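Participant: So the chains spell out like this:
2 protein chains.
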Amino acid sequence: MSDPHEFILQHISRHITLSEPDIQRFKSVLRYRKLRKRQYLLQAGDVSLYENFVLKGCLRAYTVDPDGTEHIVMFAVEGWWVSDLYSFLTGTPATQNIDALEDTEVFSIEKNDLEKLYQQVPEFNRMFRILLQNAFVAQQQRIIGSISQTAEEQYTSFITKYPTLEQRIPQNQVASYLGLTPETLSRIRKQQAKK
Amino acid sequence: MSDPHEFILQHISRHITLSEPDIQRFKSVLRYRKLRKRQYLLQAGDVSLYENFVLKGCLRAYTVDPDGTEHIVMFAVEGWWVSDLYSFLTGTPATQNIDALEDTEVFSIEKNDLEKLYQQVPEFNRMFRILLQNAFVAQQQRIIGSISQTAEEQYTSFITKYPTLEQRIPQNQVASYLGLTPETLSRIRKQQAKK
DNA sequence: CGCGACGTTGATTTGCCTCAACGATTGTGG
DNA sequence: CCACAATCGTTGAGGCAAATCAACGTCGCG
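From first to last, the protein sequence lines stand for chains A and B. Quick note: the first sequence uses numbering that gives the first Met the number 0, first residue 0, plus one each step. Quick note: the second sequence uses numbering that gives the first Met the number 0, first residue 0, plus one each step.
Don't take each hint at face value.
Which copy is meant is left open, so a pair is good if it fits within one copy or across any two.
[Unchecked claim] Mimicking SDA-like on lysine to any residue, the simulated pairs with C-alpha atoms at most 20 Å apart in a straight line are:
#  : residue 1 : residue 2
1  : K193      : D66
2  : K160      : T91
3  : K160      : L88
4  : K193      : T155
5  : K110      : R125
6  : K160      : T89
7  : K115      : I15
8  : K115      : L130
9  : K115      : R125
10 : K160      : D64
11 : K110      : V136
12 : K110      : Y31
13 : K193      : R13
14 : K36       : I15
Calculated from the structure, these hints are not laboratory results. Here the structure is a predicted model, which is why all the values come from computation and not from measurement.
Full structure from sequences and hints, please.
Facilitator: Put into structure tokens, the structure is as follows:
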């Protein structure tokens, strides 16, 4: 863990096996970055140029609607990949912001480098296909929840699915992720305490 | 278009280029199936053994909650892939149903065949990675909509994004997709007609 | 210390759901 | 080919879950 390369390689080795030269190629495109709490990794309006892997800390991706309310698209803690994928793929300005909820360290891969990597080391297609499959399934479940469950049920699902996140993330951020107001979430928690 | 193989190969050629032997390999794993309107392609409880490509017609994937209400996860028309991905990946019983809203024709690929295909023709990793990226982005936008928009805004987004779907799908199915009751959607449309 | 971020609680409003009834259309079996 | 049931959309009345608006306490930090 002292070496951040160790951490990311371990994660990758869950899905694919790389030769030594491929490992070197991969390492060479990683750019290490530190973010202070509240610091932006990406601001809406800029183009998302990087795919980012969280080494340590916690990020949030969110949109801001016309009346200034924030809506959290996803959280990303250690071992998660994050970007505004639409912006990253199309080169159009990002609609999402990404910033740090804690002091955070990431590896960033530039788009060109990632595309070269896909060609030089086809295994990466396989890995990201698998990661995307998992993310797709998780998102689908979130959608089903949001159209079929009450606020309380959604909150219960959330803490069951992400018990550790619940610990380190402020309540109002969780509320925003679930599409609730902080007041409503507070009342739900009060309800549940009576048991 | 008379030959269904033509149709699917054309779709695939948007993303990858295959050699003649690879094309043959691919064709050999496709299983052609016809579904009558209302017929199931997958029933909750069964394991999703196939990834399915829609040649003609329209499918819906949906869950049924404890009190019997259906919630539409996605529609799939010509050119779309559909399965209960979680069940397909893990081999656990499906939580989703998939059935036909119209008479429909599909190509199905069995899981084992698809995995072999990934190994024999690595380009398919690339293609499905790209398709999943697009699906991921679309889902993310649906999530943002569902936690930040009013019912009317969501409906407007839907008909803007999928103008053709709006034509061929019953209103109550659209309502279910949006997480609304048919009554609410009917009232929204009445509202909008006043303009 | 004083300010801003965060959570809580109360009073009120509102958007959407529920329940119920009805017309139009489709399709199906006698 | 008609009669009947089922499906689908519409409209109305009433209820409820969650939002809004507002006030207040606590904590941590510059």
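Participant: If a hint holds in the structure, say so; if it doesn't, say that too.
Facilitator: Hint check results:
1. K193 - D66: For K193 and D66, the Cα distance exceeds 20 Å both inside one copy (35 Å) and across copies (26 Å).
2. K160 - T91: between (33 Å within a copy, 18 Å between copies)
3. K160 - L88: between (29 Å within a copy, 19 Å between copies)
4. K193 - T155: Within. Shortest intra-copy distance 14 Å satisfies the 20 Å Cα cut-off; inter-copy 41 Å does not.
5. K110 - R125: Result: close both inside a copy and across copies, 17 Å intra and 16 Å inter.
6. K160 - T89: The answer is between: 17 Å across copies meets 20 Å, while 32 Å in one copy does not.
7. K115 - I15: both (17 Å within a copy, 16 Å between copies)
8. K115 - L130: both (19 Å within a copy, 19 Å between copies)
9. K115 - R125: both (15 Å within a copy, 13 Å between copies)
10. K160 - D64: between (27 Å within a copy, 19 Å between copies)
11. K110 - V136: between (25 Å within a copy, 17 Å between copies)
12. K110 - Y31: within (15 Å within a copy, 38 Å between copies)
13. K193 - R13: Intra 42 Å, inter 57 Å, cutoff 20 Å: neither.
14. K36 - I15: neither (33 Å within a copy, 42 Å between copies)
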